[in-house]
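Those protein sequence lines, which keep their order, are chains X and H. Letter by letter, the first sequence follows residues 195 to 394 of the working numbering. Letter by letter, the second sequence follows residues 195 to 394 of the working numbering.
Mixed in with the good hints there might be a few duds.
No copy is singled out in the list; a pair is fine if it fits within one copy or between any two copies.
[What the hints assert, rightly or not] In silico SDA-like links for lysine to any residue, alpha-carbon gap of 25 Å or less:
#, residue 1, residue 2
1, Lys331, Val377
2, Lys331, Ala275
3, Lys262, Thr283
4, Lys390, Gln207
5, Lys215, Lys304
6, Lys224, Lys387
7, Lys224, Gln389
8, Lys224, Gly348
9, Lys390, Val282
10, Lys387, Gly316
11, Lys215, His359
12, Lys215, Pro361
13, Lys224, Glu253
14, Lys304, Ala342
15, Lys262, Tyr334
16, Lys390, Asn317
17, Lys390, Arg303
18, Lys304, Lys331
19, Lys262, Glu366
20, Lys387, Glu253
21, Lys378, Val282
22, Lys390, Tyr334
23, Lys215, Ala342
24, Lys387, Pro336
25, Lys215, Lys378
26, Lys224, Val377
27, Lys390, Ser268
28, Lys331, Arg303
29, Lys390, Tyr332
Everything labelled a hint here was simulated from the structure, so no lab data went into it. This one's a predicted model, so the numbers in the text were calculated from it and none came from an experiment.
There are 2 protein chains.
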Amino acid sequence: MKTDSESHLRMTQRRREGHEKKQAAATHEKGLLIVHTGNGKGKSTAAFGMAVRMLGHNERLGVVQFIKGALHTSERDFLGAHPMCDFVTMGDGYTWNTQNREADIATARKGWDQAVAMIQSGNYRMVILDELNTVLKYEYLPLDEVLAVLTARGPEQHVVVTGRHAPDALIEAADLVTEMRLVKHPYKEQGVKAQKGVEF
Amino acid sequence: MKTDSESHLRMTQRRREGHEKKQAAATHEKGLLIVHTGNGKGKSTAAFGMAVRMLGHNERLGVVQFIKGALHTSERDFLGAHPMCDFVTMGDGYTWNTQNREADIATARKGWDQAVAMIQSGNYRMVILDELNTVLKYEYLPLDEVLAVLTARGPEQHVVVTGRHAPDALIEAADLVTEMRLVKHPYKEQGVKAQKGVEF
Numbered sequence: 195m196k197t198d199s200e201s202h203l204r205m206t207q208r209r210r211e212g213h214e215k216k217q218a219a220a221t222h223e224k225g226l227l228i229v230h231t232g233n234g235k236g237k238s239t240a241a242f243g244m245a246v247r248m249l250g251h252n253e254r255l256g257v258v259q260f261i262k263g264a265l266h267t268s269e270r271d272f273l274g275a276h277p278m279c280d281f282v283t284m285g286d287g288y289t290w291n292t293q294n295r296e297a298d299i300a301t302a303r304k305g306w307d308q309a310v311a312m313i314q315s316g317n318y319r320m321v322i323l324d325e326l327n328t329v330l331k332y333e334y335l336p337l338d339e340v341l342a343v344l345t346a347r348g349p350e351q352h353v354v355v356t357g358r359h360a361p362d363a364l365i366e367a368a369d370l371v372t373e374m375r376l377v378k379h380p381y382k383e384q385g386v387k388a389q390k391g392v393e394f
Numbered sequence: 195m196k197t198d199s200e201s202h203l204r205m206t207q208r209r210r211e212g213h214e215k216k217q218a219a220a221t222h223e224k225g226l227l228i229v230h231t232g233n234g235k236g237k238s239t240a241a242f243g244m245a246v247r248m249l250g251h252n253e254r255l256g257v258v259q260f261i262k263g264a265l266h267t268s269e270r271d272f273l274g275a276h277p278m279c280d281f282v283t284m285g286d287g288y289t290w291n292t293q294n295r296e297a298d299i300a301t302a303r304k305g306w307d308q309a310v311a312m313i314q315s316g317n318y319r320m321v322i323l324d325e326l327n328t329v330l331k332y333e334y335l336p337l338d339e340v341l342a343v344l345t346a347r348g349p350e351q352h353v354v355v356t357g358r359h360a361p362d363a364l365i366e367a368a369d370l371v372t373e374m375r376l377v378k379h380p381y382k383e384q385g386v387k388a389q390k391g392v393e394f
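Given the sequences, and given the hints that come with them, work out the whole structure.
And the structure:
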């Protein structure tokens with residue numbers, strides 16, 4: 195009978211070999227189209243984490259925030275103040291506060307124009323389009339037009355798109371898609387309000 | 195027949211009312227036990243994003259990283275250099291490189307002792323236990339002991355636990371659980387290697 199240590203050794207060896215094999219097969223770099231979607235938390239926060247890493251590597255970063263909520267002010271302050279980051283916020287509060295579809299479409303268009311300028315300039319190693327999925331879901335921008343710009347970007351440029359309800363065609367075009375799935379949430383279940391650090 | 199604008203107006207009104215009702219019901223603050231799990235990306239990155247927010251609010255933060263990978267060095271550098279953050283890294287590479295279960299258990303215990311000291315000191319508004327789920331999955335630490343410490347923490351302290359395979363009992367005890375679910379990943383599908391900013 196094998197001891198625990200022996201079977202652990204075999205397991206860790208197999209894992210290490212699998213890990214090394216995968217790393218050896220991964221030989222090239224390319225700009226990735228990254229999508230964070232789903233009804234859970236962490237979509238924008240994980241994108242923000244990548245932003246900070248990018249800045250840590252001294253790479254230029256562009257961010258267009260399509261929906262400015264009341265929250266996330268500390269991210270905005272942090273990124274907005276960084277010399278290697280260009281940060282643009284569109285949208286007046288949550289879009290459903292404007293109660294005017296035409297105004298929302300105009301706002302989305304303004305944000306998208308800035309995003310296109312960032313993407314096509316070739317000056318940014320990463321461009322984050324925060325809540326673009328939401329804009330696409332409401333059909334404030336034509337999906338075909340957005341996909342055409344995203345897929346024609348420079349080969350080394352990463353684009354990160356966040357928001358619930360990522361369209362199927364965007365998921366199809368993407369290299370890396372993560373669904374943040376809500377398992378439990380204290381707002382609904384316990385009446386806990388938004389808190390410093392956790393939500394904003 | 196209603197115009198698009200009229201139906202949009204009704205929809206946005208309903209949404210706003212729902213949002214306001216939910217906010218009104220959410221009246222109190224409490225320290226949350228937060229879990230990021232699942233096979234997708236963004237578990238540690240989203241925790242790191244919360245860490246940066248916490249520091250932006252000038253709140254003290256503790257981080258114990260149970261498994262130090264080759265990656266995430268820019269996070270370590272950023273948090274480790276911040277005067278309001280105490281950052282501890284345990285583990286010698288991925289644990290499956292050590293090939294020795296007894297050594298892995300000793301390393302896990304060392305990290306846990308530091309985590310307990312942080313949690314029980316009451317000095318930290320947030321404590322991040324990065325990859326603790328992985329340690330629990332391999333049974334390097336007794337789950338009961340970990341849960342007892344987490345649930346007895348101060349009422350205002352947030353604890354964030356990351357890693358695949360969160361144990362059911364931890365999910366049960368948690369206030370906020372998000373599963374990061376892998377939808378598409380370029381490593382496996384395209385042979386793309388880990389890249390600056392995206393992975394490290």
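**Report entry** Hints the structure fails to honour
**Finding:** Violated: hints 2, 4, 5, 12, 17, 19, 21, 22, 23, 24, 29.
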